[in-house]
Structures are given as C-alpha cells and as structure tokens.
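*Asks:* Here are the chains, one letter per residue:
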Amino acid sequence: MSRAGVVLCRCNTLIDSKMDFNTIERRLQKHKNIVFIQRVNMACSPAGKQIIEEMASLHGIDSLVAVACSPLAKGSVFKDLTRKLGIDKNMLEIVNIREQCAWVHEYDDATSKGLTLINMGINRVVKAQPDSTTINCAMINKIKCDKCKRCLEECPNRAISINDDGYPAVNPDLCQRCGVCIGGCPLAVISLPDFKVDEISAMLKGASGAKSPFIVGFFCDFAYEEADKMGQAGSAYSPNLHIIRVPCTGAVNMITVNDAIAEGVDGVLIAGCDASQCKRKRGNEVARYRIENFQKSLEEQFLEKERLSYVSLGEGLKEASIINDDKCNRCGACQQVCPYGAIKQQDEGKFQVYYKACRSCGICAAACKPGAILVPVCPDKKIMNAIDAALAI
Amino acid sequence: MPPKVDITKCDGCRAEEEPLCDQICPGNLMRLNEQGKAECRSSRDCWDCMSCTKICPQGAIETRLPYQLGYYPAKLIPKVGTDKIMWTCVDINGKVERYVIKTRNN
Amino acid sequence: MGKINIIICTNIHCQGSKINFLEIKEVLEKDGYEVVLHSNFCDEIKRGFYPSPFNNCKLPTVFAGCSPCVMEGKLKKLLNCPVEIVNIREQCAWIYNNVEEVNKTCQNKIFFGIKQVKYARIESQPENVLGKKLKGYISLMEKYGPNPFKM
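Chains as they are written, first to last, in the numbering used here: chain A, 1 to 393; chain B, 1001 to 1106; chain C, 2001 to 2151.
Quick caveat, the hints were computed from the structure, so don't treat them as lab data. A couple of the hints might just be wrong.
[What the hints assert, rightly or not] 25 Å max Cα-Cα, derived BS3-like pairs, lysine-lysine:
hint, chain 1, residue 1, chain 2, residue 2
1, A, Lys127, A, Lys144
2, C, Lys2132, A, Lys318
3, A, Lys356, C, Lys2132
4, C, Lys2077, A, Lys356
5, C, Lys2143, A, Lys356
6, B, Lys1095, C, Lys2030
Fair warning: this is a prediction, and the values are worked out from it, not measured in the lab.
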C-alpha cells in the first residue's frame, strides 16, 4: 500500500484564486493512498519546502504528488526535494494545475479538471515502483522481451544493438531518451526512468467521472511547452483536454491508446511537431505511421478513426533566426547543426531559415563563423552588453 | 478456421526470421512466405486461440469464426491493452457488442 | 537617463525581509527612473489586468521579482511593453543569508536589468493554436457521441 503525500501549491494566490482548493481537498480526503494533503503558499520557497519536509517526515511517505506549476518551470525544485527526503525519483509526480488548468479555465471547470488531473497523478505514483538504478537510458525488460528487434530498427540514434545473449541492449552513451523504442515495442517491455507504459495506463484510469467528451492529449516536450505558453498568455481552451507529457510523440505506444479507448476516453490527441521539426529525428514520422495504422484498427472496431488524431502546434510561435546573406560565406555549418532541420539551402545557394520550424535555440548563431545569423530574442549585442555590464559592477 | 493475414498490413515484422505470430503460436503454425509476409502453414491444425491476432503489432491478422459459430459478417476483434483486452463482437446480423475484459498480464 | 519604468515586487513571502527596498528605490530614483514597489504583485494581477501606475506605461519596463519561469509570458501580456525580468527571488533572496550581500546583489541585478532592457521588445502574443484546434476536435467528438467502451 503506497503512502502518498499531496502538496497543493497556492502559488501566492495565483492558483487558488482561480480554483476551489477546499472542494479538491474534501474530495481527495477519502482516497486510501493519501496520508496527508498539505496546502502551502509557495512550494518552491524555502518556507514551503520546510513545511513539506516536516509533513513528509511526520507521516513517513514514500511518494509525493506535487500539485503546482508546470514541471518545466519548477520541476527541478521538486526533484531536489524528493532527493532530500529520500523518496525515489520515480515516486514523484508533478501535476501541472497552473499553466494547464487554473490559468486557462473558468473557476468551476478548473476545479473539476484539477481534481481529475490530481487523481491521474496519484494513480501514477501508486503504480510506480521505486527503482534504484542510476542509469538514465531506455531499459529493456528481458523477461518479457521476445527479441523482435523492432527497437533496433526504430531507434533514431542507433543506440540499441543485439547483445551476445540475443536480447537487445541499450548503449547509454548514445541513448537520447526520446522513447521512440517504447512506442514501437509491440509488447511494451521498454521503459524510461521517468516514462513507463504501465504508469501511463494507470493515469488513464483516473478519467472516470470527468466531463464528457473526455479528451486525453499526449503532448511531446515541445508541444507541452507550447501548451504552457498558452497558459501563460491566458489563451483559454476547452477544459475537456487532459494533457499527459511524453518525451516525444514517437514514445506513445498504441497499447496505451488501446487502454485509453478501453477506459472510455472519448478522444486521444497526440500533439507534436510539424513534419521536419522533430528534434528526435524521426519521432513524429513513426508516430504518424502508427496512428495511421491504429486508425484503421479503430475503423475495424466500428469506431470513428478521428478518436485518435495527430495535431501539430506551435508553428511559428517563436521568432525565427535571420540569416544575413551579405555576411554568409555559404559554409553550411548552420544547416548541419540545426537540431530541427529548419535551415535549408535554396536553389541559388542561399541559406534560409524556415520560420515555422525554427525554435530560436541559437545553435546556428553560435556555429556561424562569419556571424551572419541573428537570433532576435537574444542578439550578440545583448550578450556583449551583458558581459560589459557584469564587468562594470 | 485459420487466421487470415491481411498482406497489405503485414510487414513480416520487418522480415525477421521469426515474426511475433510465429513466436506466440502454440502450435508453431505461422511462418514467413517468400514475400516476407506471415502465413499459416497448416490451417487445419489451428485451434482458433487468437494468440496471433492479439499479438500482431500491425493488427494484420484476423481470426475467421468457424461457420458453426457464426457466418459472415460475424466477427470477433480483440485489441490488447496493458492489463485489459477490448473485444468487439459482431453477430451475423451485424449487431455490435463491446466488452472490456481484465487480464493478468502484469 | 530615465525613460525606464521599474516595478519591484517586495512580497515578504518571496523576497523575505532582508532586502532594504526603500533604499534601493531611493538610489534608482536618484538616477531618474520611475520606481513602483508592490508588496504583493501576484495579488494585484490575479484578476488578469494591471492598472499601470506609471506616467507612460509603454516605456521599457524592468520587473524585479521572481524567475522568468514563473510568469514571464503572463507578465509580458499584462504589461504590454518591452520587459526585462530581473530574478531577485530565486537567484538572490533565496540563496544569500548575509544581509549586506543580498542588498548588494539585488541592487546590482536591477542595474544589470536596466542596462539590458533596451534589447527587450514587445513580443507579439502567440496565437491560440491549441484552443482553435481543440475546438474543432471537440465538436467532432460531440457529434460522434461518447466512446461505446465507456461503462
């Protein structure tokens, strides 16, 4: 029986002014796995951390559900905290109720969606198993693996090879933790330290009692960031969408989607990058292929194929880099280093940034010897000015 | 009745020498043919256990129901999740019924 | 100098009581900047708008408060002017214990922000791509009705 602690972060009234924490607390009270529910003003502040530490040591918890902001914002704070508390890193779940719930929905919708999200989070930590290994790469469960070698073919980084015993083995130096092998494994025996198929399936069980139509979104890291951005800007969207973060769209195993459909989820959205943008080289390509296949199987079951759909967000959400053709010496280094494949050579030899694919990371600007590339959000001048200012102080 | 392989969907598990349906079949009846697609080598020996239908990652195998149980368009379609199987049953009148059965996979 | 607005959030839960904000404000005002102290900035913006206390609210603004990861996007939308965020919470108030050190770092950080604010620009607000795509999808799902596997 797992003992989970739930921390509700008020974020200095930015969250609890938009949703009803009292209702949430009351509804969670009956949950058999929760040993305490603690409301803190700011979970990331030294005072907040101290309260959580005290409560954790008082109740002796083995898992923590942090109901707070996006894991992209303060995730490291909670990871650090669990390390300090001696809780296994797998037993932490951060439920994003700020950017993806409180800031984008109306009061009542936010409360009920928040409750569903928290339930999903609790299901995940209850299902999660502590794992003492420190290897941070894909792991293959040899007991269930039947050596079909799909992972070998699908790994974009060629990190998986056949071992002497005939089973696939992951090279930790090459593995980028994209999870494409997880999505492709027909028996779902591959897992990442922070992404396991059975945990995701457990999360989907929290869906019951939610507003219909219940939509689950599997958002890749970039799409998740973009959803957060919508939250920051306060652009409202329907509260029916419940977002689960995945490393890449290619990491969504169709077994998980089967689980979702069996659980009564009305629609599954897989959100990732536009075609060429994928940092994982071919994650979205394989995802689209799998989705196409799954849609056929949905139709076989007399279901509508749109119940599983792919969407791409964020085209042109970030300001693209600009290449100054007068300075460019056409060396092509930028094209080689761009992780998103956004830079293409035109017919007349010019290099150009495709604005939809650019994520403004600045790697091309750093690689450009003649200094022809301008990153609008952080130009060279700004960095030089910062250095001057820092030296002057 | 033998399993029927949809050769447009079957990718022969990317031409591995032993595709998943071959590995799972209790009677060792499945094999790859010259085109690299799965086929049932001896349809009379099939017990209709549906293991191959459930395991196929492409969803390419269909188990035809024996005519004693139901003739066209009766169908039985399993889709496997982590700890449950969704069954879609179609009877001879085309009526669809659905069940979710828990399994003890874990 | 001048022509820069400065907002400082002095929330006691965030910045603690070690930083002498009045003194910093005095120093900044001596240089001709317009400075506003907020004792609880979050509370003021929770309704979703920010009544600007400045004479010219469109001037480049330095916001000294929490880390950009907390509410950079929200802030930029609210203020609708070029914003440079100075992190005096996570990278100053929460890591130093020494009163003198905190004050000095805080002041330096704000001056640093003032030097950098000229590179900030008004960013166009992102289009609500998710909202639009989701709307179409949900109306489709409503048309199809609930999932028949739902018990």
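*Asks:* If you check each hint against the structure, which ones fail?
*Replies:* The structure breaks hints 5 and 6; every other hint is satisfied.
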